[in-house]
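Take the sequences, apply the hints, and build the full model.
Position 399 of the sequence shown, counting from 1, maps to 399 under this note's numbering, and the rest follow consecutively.
Among the hints, erroneous ones may be present.
[As the list claims (entries may be wrong)] Here are the computed lysine-lysine pairs in the DSSO-like style, where the Cα-Cα straight-line distance is at most 27 Å: (1) K18 - K35; (2) K223 - K18; (3) K381 - K350; (4) K354 - K381; (5) K456 - K223; (6) K223 - K350; (7) K124 - K218; (8) K35 - K218.
Simulated from the structure, these hints should not be mistaken for lab results.
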Amino acid sequence: MAQERRSESEGTPRTIGKYRIDSTLGHGAMGVVYKAYDTSIDRLVALKTIRADLLVGDEDLHWLERFQREARAAARCLHPNIVTIFEYGEDGGTPYICMEYVNGVQLQDYIAARAEIDVQACVKIVEKVLKALGYAHAQGIVHRDIKPSNIMLLDDGQVKVTDFGIARIDSITMTAHGSMVGTPSYMSPEQFIGGDLDRRSDIFSTGVILYELLTGQKPFPGKSITEVMYAVLNQPPRDPVDFNEDLGPLAPVVLKALARQPEDRFQTAAAFFSALSIAATGRASQIEDSGIGDGATIVSPSIHAARSRTPAPAQPAHSPGETLDDAAIAKAESDLTTFLGPVAKIMVRKTAGKVDTVSALYDSLAGHIASSADRALFLSKAAEPLTDSSAGKRRRDLRSMLGTVRATMETGFHASRSGATQASTSQAPVEEDIRERAKRDLMEFLGPIAQVLVRKAAAKTSSPPELYRLLAEHITNAQDRAAFLNRAPRG
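See the structure below:
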């Protein structure tokens, strides 16, 4: 019998292990965080638990391993700007992490509630985040989910980074190569395409936060994960100066952190920290006092905004002047999806409105493919004939491919190249297209766990609006919950 005992009035546990539960601090996608009391040493702590329903079924080991990895990663990081982990344990089958109790608010709540933008305060917040990341990187840990909800602002002015749930620890692999992890609005380009991640991915995410703090806007806005992904991979952010002329000295720093190619960004948290300090105050902070331990060479104050340049496409050997029609556009979508994933559809539709021939369409699209070999292969497909009889098949194949890719967005955009067979929906209470739509919408607020939550909720209802109402219960922020519900199908 589990040692965890629950209050009949509140439905919350009275104790977990040796810890007395005083109150609930918050609900998240993975579980609940409690304010607790360690009676053995007279200390307030925070106790994070994982939801019981995640520990059943085919994916139980995945979520348990992720939870354990958070404990291991954070436990290696004893730093003033990182929430300290005291213990990992299990009580009657309930895993928990005991951590430092901090009295403060999430950065996302600070952003939503502030009446005006205090540039110096914003800089100080990000500097402390960079101190935390520099230390974690020196321990061989890449956070991979830096976002405002994982940054705590304490009452005493301190800043704490938390939630290492999808961190990579040296050679420990969370997911296979080609998988996508993170939260869309703050993900780096390499996260979207399932590339190898290193500390420069955390630097990009921190750059997104800095941009949002300074301008009040996200650098890569979008109403869906696909739109955000397209913006991150293809559109440079607006210059921060457009929002505030006083940001002139800081703008190059922000834009360099947001460079599309990792080699064009700051290579270390220490370099980012130093450049930000110089731009904000006109002098560099002493690295000895910065608390950043990644052994970086500090960049000079001369920083330029790094904007990615797409490589010039090779010239294909195809018939010139072939007029665009629906069949040719569908073929281009199918061809480009093989190399870029679901964002291909948006790119093809946007480009098709600006050109008149198949040749021009493929030439323009090829510039978005980084690999020269893949670019040449894509261009060669422009010369493939498309007969009337094959046009319908290509459209059906395209719809099937896009459906497969959307269904696997949470685990990797490249995982479905082989055309994996999709599960039958004959017994599903909610239509597959509605479930996929709900997954995409929910991922923007909760990340990859959306896949699990949608599957469980869809088994309880046949009504699309009700499905969205059930899913909205997992979104703790009222504004985000309203935004999600606003996307629910009507009727």
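(request) Could you check the structure against the hints above and give me the numbers of any it violates, in ascending order? (result) 2, 8
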